[in-house]
Structures are given as structure tokens and as C-alpha cells.
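J.: The task is simple: from the sequences and hints, build the whole structure.
If you're matching them up, the sequences are chains A and B in order. Per our numbering, the very first residue in the first sequence carries number 453; after that it's consecutive. Per our numbering, the very first residue in the second sequence carries number 602; after that it's consecutive.
Since the hints were derived computationally from the structure, they do not count as laboratory data. Remember, predicted model here, so these are calculated numbers, not experimental data. Quick reminder that beta carbons are idealized off the backbone N, C-alpha and C, glycines included. A portion of the hints provided could be inaccurate.
Partner residues aside, some chain A positions facing chain B, computed with beta carbon under 7 Å [as the list claims (entries may be wrong)]:
(1) PRO491
(2) ILE547
(3) SER551
(4) GLU554
(5) PHE557
(6) GLY558
(7) PRO559
Okay, derived cross-link-like pairs now, DMTMM-like style, lysine to aspartate or glutamate, Cα gap no bigger than 25 Å in a straight line [what the hints assert, rightly or not]:
(8) B/LYS672 - A/ASP511
(9) B/LYS701 - A/ASP511
(10) B/LYS701 - B/GLU616
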Amino acid sequence: DGGITQSPKYLFRKEGQNVTLSCEQNLNHDAMYWYRQDPGQGLRLIYYSQIVNDFQKGDIAEGYSVSREKKESFPLTVTSAQKNPTAFYLCASTITGDSSYEQYFGPGTRLTVT
Amino acid sequence: KNQVEQSPQSLIILEGKNCTLQCNYTVSPFSNLRWYKQDTGRGPVSLTIMTFSENTKSNGRYTATLDADTKQSSLHITASQLSDSASYICVVSVVGGGNKLTFGTGTQLKVEL
Chain A
453 DGGITQSPKY
463 LFRKEGQNVT
473 LSCEQNLNHD
483 AMYWYRQDPG
493 QGLRLIYYSQ
503 IVNDFQKGDI
513 AEGYSVSREK
523 KESFPLTVTS
533 AQKNPTAFYL
543 CASTITGDSS
553 YEQYFGPGTR
563 LTVT
Chain B
602 KNQVEQSPQS
612 LIILEGKNCT
622 LQCNYTVSPF
632 SNLRWYKQDT
642 GRGPVSLTIM
652 TFSENTKSNG
662 RYTATLDADT
672 KQSSLHITAS
682 QLSDSASYIC
692 VVSVVGGGNK
702 LTFGTGTQLK
712 VEL
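T.: So this is what it looks like as C-alpha cells:
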């Protein structure tokens, strides 16, 4: 899991509530990413940030929001607008946004919304 | 559309045996190909990363091959161990894509006694 921490490991919420997932890294990486993993599907990119105070939508950004106020932190908020939020969420980071660099993943947060 | 397809979807082998996992991709322009190991409920961990010019790369008992002409890669596991039981994910990155990755759905490997 390297120097990336995600908390909590398990999260339960009622439908209609917003929830924020934490991601912190001490690797001094510039770029950070949020992915969603569902059974039988490959990881899908939600949002990514290549530098502080800047971020871009990934392939499935609807219903999610992020902030990047500090280099070390990239929290993800799952809003009530996300129609199917129950999933395993993974945060990753890399030295820069250049594709030649390795992405390191956190341990993940499993979100269950009922 | 950029895609990464893996086969088989799942595989069961006996401890000590070898196995080979396959990955075909249509991602273009290709930057590099990675194999990750993901234990259940954990984040993926990198095994190998290969660029266009590399044909093979090893990491202990794991050996990855790449044929950029046919857009195929394989991951060979030698002398399997129970701890090799995991999902193995093939991942391809695009040139100039901001390190955006295209993920395969993975091969679920189970090693049994």
C-alpha cells in the first residue's frame, strides 16, 4: 500500500446522504487519482489531479466531487446525485502525470449505501 | 475505443504448477503496459511495467512478455504458491494521457493444495 492511506476501510451510509472518502499520501507525489471498482469490471477513473488546486473529470465523474487544497490530500465526496454509489473506491498517486511513472494505490474504501 | 481484454476470466491451479495469463489491448497510442496483483479487498500492487521497446520483464517468479505488434501481453507465474491467489490486472497507458490508465477486468487466480 506504500505511503497512501485511505480511511475508513468500510463505510456505511443511508441513501440521500453525502459522504467523503479520505485519501492521504506522504510520497511527495504531484498527481493523485480516484477510481471506482465494481465486480466484473475494470477500474474506472472518477477524478484526477496533476497539481494542487487543479483537477479534471475522469470517465465517470457524475455524482462525485473532489478538492485538492494540499499536495498530500485528495478527498472524494460521493453525493446523493450518484445513482449507484455502493462500490470499492481506490485512491492512487504518481510522481507526475506523465504516463511513464508508476501509480501507487491505497488500500481502498468499501462504501455501502442502503 | 481503447480496450483491454484479459483471459481467462478465472483459473484454478495446484500449488507448484505454472500458469500463463493473457492480455490483448487496443489502446493507442501505446505508452506502457503494466501488470498488477490485487488481493481481495486490497489495492492493486505493481508487478511489472513495460514500454514499447521491451519484450520481457521479470519480477521474481513473475515474467511478463509484450508483443507490441500484435498488441498482446502475457504474465507467466512459475512454481505457484498459495499466496499467488489474487486477481491479476493488465493495465495500459496512453501517450500524453496524463497517466490515465485503461484497466482490464482481471484474471482471478486461485492456487490450491
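J.: With reference to the structure, classify each hint as holding or not holding.
T.: Going through the hints against the structure:
Annotation: interface hint on A/PRO491 violated; nearest CB of chain B at approximately 10 Å, more than 7 Å. With 7 Å as the threshold, the beta carbon of A/ILE547 stays out of range of chain B, its nearest partner Cβ sitting at about 9 Å, so the hint is violated. The restraint placing A/SER551 at the interface with chain B holds, with a minimum CB-CB distance near 4 Å, inside the 7 Å limit. Contact between A/GLU554 and chain B, as hinted, is supported at the beta carbon level, the nearest pair being about 6 Å apart and thus within 7 Å.
Checking A/PHE557 against chain B: minimum C-beta separation of about 3 Å stays under 7 Å; hint holds. The closest approach between the C-beta of A/GLY558 and any C-beta of chain B is roughly 5 Å, which is under the 7 Å cut-off, so the hint is satisfied. Below 7 Å, beta-carbon pairs count as interface contacts, and A/PRO559 has one with chain B at about 5 Å; its hint therefore holds. Under the criterion of a C-alpha separation no larger than 25 Å, the hint pairing B/LYS672 with A/ASP511 is consistent with the structure, at around 23 Å.
The suggested pairing of B/LYS701 with A/ASP511 holds, with an alpha-carbon distance near 10 Å, which does not exceed 25 Å. A hinted pair counts as satisfied when its Cα atoms are at most 25 Å apart, and B/LYS701 with B/GLU616 does not qualify at roughly 36 Å.
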